Amino acid sequence: RKEVEQDPGPFNVPEGATVAFNCTYSNSASQSFFWYRQDCRKEPKLLMSVYSSGNEDGRFTAQLNRASQYISLLIRDSKLSDSATYLCVVNRGYSSASKIIFGSGTRLSIRP
Amino acid sequence: GAVVSQHPSRVICKSGTSVKIECRSLDFQATTMFWYRQFPKQSLMLMATSNEGSKATYEQGVEKDKFLINHASLTLSTLTVTSAHPEDSSFYICSARTAGTQNTEAFFGQGTRLTVV
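Chains A and B, in that order, are what the protein sequence lines are. Okay, so the first sequence: first residue is 1 according to my numbering, each after it adds one. Okay, so the second sequence: first residue is 1001 according to my numbering, each after it adds one.
Next comes chain A alone, as it looks inside the complex (with noise of 0.2 Å):
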C-alpha cells in the first residue's frame, strides 16, 4: 500500500463545477500537509498548506481529518486553467529527519 494514496482520476468536469479531490495517509507520524499543483512536464508548484482547521483560500478549499488521516481538496467554479494535476504532498517526520511524500496526483480536465 503507499503512504499516501489519491484517485488517480482522470476527472473530466465543464467549466464552472465544483470537483473535490481526497487523499489518505498510512503514516501518523506525518506532521504538515500540502495540495501542489503540476502542469505537464513541469515542476510541482505549492497551491496551499492544509491545516487541521480547514482552509480556504478564494475557490479552493481543503480540510484534514487527522483522525481519519484523511485530506480533502475542494475546487469551486472551476475555471479552464485549472486543468492539471494535483499533488496530495504529506509531511513525515520531525525536523531534519523529515521527509516530503507525493501522492500520485489526480489529473484534473476542465472543459468548456
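The hints are simulated quantities; they were obtained by calculation from the structure and are not laboratory data. Since this is a predicted model, take the numbers as computed values, not measurements. Do not take every clue at face value.
[Said to hold, decoys possible] Looking from chain B toward chain A, a few residues come up when the C-beta cut is under 7 Å (computed):
#1 V1003
#2 F1034
#3 L1044
#4 P1086
#5 S1089
#6 A1106
#7 F1108
#8 Q1110
#9 T1115
Where a beta carbon is used, it is the ideal one built from N, C-alpha and C, also for glycine.
Dock chain B against chain A, hints included.
Structure of chain B alone, referenced to chain A:
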C-alpha cells in the same frame, strides 16, 4: 517565493556515461534537499534526502552507488547518475527546504529531463 535553480533542464547522454545534475537555492539556505524521479504519468518518487554536510539518506530500492548525491553547501546539492542506462531516462526534480520547522513548504527546481540513448 524562494527560488531553486536546477541545471541542466534537459540532457541526452550515451549509455555508460555519467551525468551530473545541480540544484541550487538562490535566495535562501537549504539545510535539506530532496531528489525525486518521475516517470511518465507517474507520481514523484522520493529517491533520497540530503542534509548539508552529511551523507544522503536513500529510499529503499535506490542504489546509492549509482545515484551519487553531494550536499556540500547550504545552497548546492548535486545528483550524479553514474553508468547511465536507458531505463534511467526520467524526469529528475530537486526540492529544497529552509531551516526551521517541517511545516515550511518545499521549493522545487525546474526539473531535468534525462534521456539515455
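* Asked: Can the hint on P1086(B) be confirmed by a CB-to-CB distance to chain A that is less than 7 Å?
  -> 19 Å, violated
* Hint check: 7 Å Cβ-Cβ cutoff, V1003(B) to chain A -> Where the cut-off is 7 Å and the nearest Cβ of chain A is about 12 Å from V1003(B), the hint is violated.
* To do: Go through the hint on F1108(B) and say holds or violated, using the shortest Cβ distance to chain A against 7 Å.
  => 4 Å, holds
* Asked: How about L1044(B): closest beta carbon in chain A under 7 Å, or not?
  -> Holds: closest Cβ of chain A sits about 4 Å from L1044(B), inside 7 Å.
* Asked: Against chain A, with CB atoms and a cut of 7 Å, does the hint on A1106(B) hold up?
  -> Holds - the Cβ of A1106(B) comes within 7 Å of chain A, reaching about 5 Å at its closest.
* **Hint status (Cβ of F1034(B) to nearest Cβ of chain A, threshold 7 Å)** => 6 Å, holds
* Asked: Would the stated hint for S1089(B) survive a check requiring a Cβ distance to chain A of less than 7 Å?
  -> 14 Å, violated
* **Closest C-beta approach of Q1110(B) to chain A relative to 7 Å, hint status** => With a closest approach of 5 Å, the Q1110(B) hint holds.
* With chain A as the partner, please determine if T1115(B) meets the hint condition of a C-beta pair closer than 7 Å. => 13 Å, violated
Consistency note: the structure conflicts with the earlier hints numbered 1, 4, 5 and 9.
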